[in-house]
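Trainee: Residues per chain are reported as follows:
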Amino acid sequence: MTDRTVVTPTGSDVPSGDGEPASGSVTSGGQTSAERTAARGGTGRGPLLEVTDLVKHFDIRGGLLGISKLGAVRAVDGVSFSVKEGETLGLVGESGCGKTTLGKVILRLLPPTAGEVNFEGKSLFRLGSREMKAARRDIQVVFQDPYASLNPRMSVGEIVGEGLYVHGMTNKRERESAVRDLLKRVGLNQQHIHRYPHEFSGGQRQRIGIARALALRPKFIVCDEPVSALDVSIQSQVLNLLSDLQDEFQLTYLFIAHNLAVVKHLSTRVGVMYLGKIVELSDADELYRNPAHPYTKALLSAIPVPDPTIRRERIVLKGDLPSPANPPSGCRFHTRCPMAQEICKTEEPPLRDVGGGHMSACHFAEEVTPLEERRAPGSLPA
Amino acid sequence: MVSEATAAEIERRRAEEAEAESAEIDRIPVRTYWQLVRQRFMKHRLAVFGVIVLIVLAAYAIIIPSVTGDAWTKTQLFRDDAPPEIFSEDGDLTFAVLGYNENGQNLFARLGKATQTSLMIGLAAVIIIVVIGVFIGSIAGYVGGWMDNLLMRFVDIMLSLPALFVILMITAFFGQGNVWVVIFAIGLTGWTTAARLVRAEFLSLREVDYVQAARALGASPRRIILRHMLPPAMAPIVVAATLGIADSVVVESALSFLGFGIGRDSASLGTMLQNARDYFFSGPLKVVYPGVVLILIVLSASFLGDGLRDALDPRQRVEK
Amino acid sequence: MTVTQRQVGPLLEIKGIKTHFFTQDGVVKAVDDVTFEIGHGQTLGVVGESGCGKSITSLSVMRLIERPGRIVAGEILLNGENLLAKTDADMRDVRGDQVSMIFQEPMTSLNPVFTCGDQIAEAVQQHTAVSRREAWDRAIEMLRVVGIPDAKRRANEHPHQLSGGMRQRVMIAMALSTDPDLLIADEPTTALDVTIQAQILEVMRDLREKNRMAIMLITHDLGVVAEMADEVVVMYAGKVVERADVRTVFGSPHHPYTQGLLLSIPRLDERRERLEVIKGTVPSPLNLPTGCLFKRRCPRRMKVCDTAPPYREIGPDHHSRCWLTPNGEPPDVGADAEGAEAEAAAEALTVEAR
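The listed protein sequences correspond, in order, to chains A, B and C. Take the first sequence: its letters are residues 1 to 382, numbered as in the numbering used here. Take the second sequence: its letters are residues 1001 to 1320, numbered as in the numbering used here. Take the third sequence: its letters are residues 2001 to 2354, numbered as in the numbering used here.
Calculated from the structure, these hints are not laboratory results. Hints may contain errors.
Straight line, CA to CA, 27 Å or less: simulated DSSO-like cross-link-like pairs of lysine-lysine [what the hints assert, rightly or not]:
| hint | chain 1 | residue 1 | chain 2 | residue 2 |
| --- | --- | --- | --- | --- |
| 1 | C | Lys2295 | A | Lys184 |
| 2 | A | Lys69 | A | Lys133 |
| 3 | A | Lys122 | A | Lys219 |
| 4 | A | Lys133 | A | Lys122 |
| 5 | A | Lys184 | C | Lys2152 |
| 6 | C | Lys2029 | B | Lys1043 |
| 7 | A | Lys69 | A | Lys84 |
| 8 | A | Lys318 | C | Lys2210 |
| 9 | C | Lys2029 | C | Lys2295 |
| 10 | C | Lys2015 | C | Lys2086 |
| 11 | C | Lys2029 | C | Lys2303 |
| 12 | C | Lys2015 | C | Lys2029 |
| 13 | C | Lys2018 | C | Lys2029 |
| 14 | C | Lys2152 | A | Lys318 |
| 15 | C | Lys2086 | C | Lys2029 |
Negatives, chain A to chain C, calculated, CB over 12 Å [to be verified]:
| hint | residue |
| --- | --- |
| 16 | Ile60 |
| 17 | Ala135 |
| 18 | Gln191 |
| 19 | Glu248 |
| 20 | Met339 |
We put the beta carbon where it would ideally sit given N, CA and C, even for glycine.
Produce the entire structure from the sequences given, and follow the hints as far as they go.
Mentor: Below is the structure:
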């Protein structure tokens, strides 16, 4: 596979490489994400969650008793970011980039290898089991698979009410009325409280999972691919619900997904992960308009446009994702990067501010050009 | 903050969504998980047949020995190899519908007692198997790591020893002919499969989203194991246990047949078969009766096991 | 097959096929009266959500429907020959030779115990009289064509040694090794990451140009359809609800379901506070509504929708299964029409289309 720049769908209209100015630049309707945050009262407050140099390696073990260490999969390899109260931080990346592991370590569902996670100033990894249980009221999770995330042997009422029970609401009647209220808030029929998960469709099951997460009135929810297993028409329902609930309960989200369009829709800021590292982090609209990392640009360009009249520059990356057990030297992206130079093989670029809080981990961040996009000739008016 | 107008708007939208969604689900009758299990089980005809046969055999094993008293072991003079009868010459109810054996013992009563002994040994051995297996397996699966490695290597060692040999050793050492020694021996050698099953289930369940969600809610390990991990792990256990009953009955019969099982003063399907061996040509029915009961127990238990496996499998949805 | 045959008429014509599944709980009409055709070298996108019957349609074309499913009505003509009338042996010759298929999950479609080269070579040998040596060379050539670097070495590797994207390339290489007229691709990139998806779509596009091959592309991803397809068929609950060329479907969709689908996807180049939604859920196939199958979720629902709407031509090569007039107005028969009157109107409009 050669590295080339192609314009879809026919690949004949725009010459390879750069040089031609972006005709018909990116349109963005409505508010910018900064305005959205402001509208939600998000900015101005301190960070709710702060992740510092987080590392998670999975040891590859072998030998007779499986004790000798053969190597490690570096799922998360030194990640730092913070999430402000009321905002949604999106995390995108392809499978194997470590985004799901990162979410699980923050939730303390997996033990960290190194690093810190501070929630409201407290270090989560130093909490004892009782303090951690209390902290769990504030940090919740919504999972991807609407089938695997609900216990098939429990009724909807038991599933949604489990957190309440665990945290001391042992009165059954009290719990049931709380569950009914939650079901109403996530758009489910309260009469279905005694039904079992298998009777619901994928979208409804995801609503049940959201209700479970909301039950303890958390401040922060990790949404791990919450819509990627759903059909298109159901995806939009759940995305709208998440955004409504954010307003209603002043929630802060860490939104993990592989679909950049979905992430950008919901997020105020977006981080892009590649092989266990954040390679770019910026305001959502800015990231799309002005990518500062060649991987982000390739990722953006690879997303098919659901409009046959628009042709977007297409950067086809060569090769496959390297193994996270043995990441490339220097910049991890250099093996597939169309802009790679000698320095990229030896020196690892730090995540640095390239202007206005736009962070990029590329030696040549300033040289990354915006994505070209234009309306095909003879197109119909939109 | 959310304005009141927006709140009302959101409220209206939610109600609308709930209504649109409920249209579909209201068509499905309310069924709990266990109702579904029963529904799927009832569709499995052989399994239903197995349950009926086992119930009939259990009833026989409980009722007949209690009605006939010591008839199973009492040798009656001049009645050796006597033909079937229901009433004795004195007009007493004897239930000797299968006639008498060479010692003048009532075969129907003896078969009842033997079925009782064999089923009891099977059940008791399986209880030991399940208790040890679930305990070891769940610790290995839940804790994982070095503990898992240690316990599983122990299981490997157990598996590498020939089971029948170990059982023979135990019975020889602890007293031949004692029912409880036999049960203990079968249980002690049979738990490894159950432990492996539970461990495998627990290892995969640990990663399942709903278990992770329960951990994220702050549920205690006790609650997670009892509420979220043991119930789904029990499905394969119940299946294995059902098949284990059949296995244990066969092992007991084999032991008794070899003369290492329960003593001659008691009766089990194995001892009956062993006794009958000498009369195979003169009285072949004496082999057939315990043989048929043994086959029925083993077949019914495995049909039941198959049915349970299908019925308990959550992947088999009734819908769609 | 002669050259004239190739030029006359479409490559594949599906005429009113019905594929039903006879389950314990009732009859599931997975594909119910589906009609469309694919021209030579044309790419047809079949879109719809899970359970809409798009995959069953493609399996019907391959005659790969298994019990309790059965094709109960209709005709499938490939170059004018009815595939449903063929014997199983003849059908095996068609599969892989004239029509090839690739699936979503390449790992389950490749045999784990044979090398990739072996599997492709075997496919070649099954349909052409060549030696083992020639077949192997062809296999390596095909691996090169689909952009696998170091094809000679890769041919000797087993499927598990390859990444997901590589496996899908091997599947494509196998499907194309016999130079088929039609490639059926069932969600070929759904299991892959976007950057790998871009690679695979690129390969498919290249090969389509080179081989003048027709593609039936089944996907739920409207972006992929917009990029790849010439024509689009939108399916809902076993029926085709709209059909037109790609620009019409995306530019001026007629059916409310198509409109809803297009509005509900988040897009990179827009910033919307809320997404439009299609309310509710796809109806259970055992409990379909009478009349229009979409009516329970439709924002334009009218009383007349209780009668099955006509499937008709509403513009040049633009078909839709909806009561709304071509400009989106309520129908001539009246929004409240019902019973015999509505049925007659539907009949009249359907006839008009023919």
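Trainee: May I ask which of the numbered hints given earlier this structure violates, with the numbers listed in increasing order?
Mentor: When the structure is compared with the hints, numbers 2, 5, 7 turn out to be violated.
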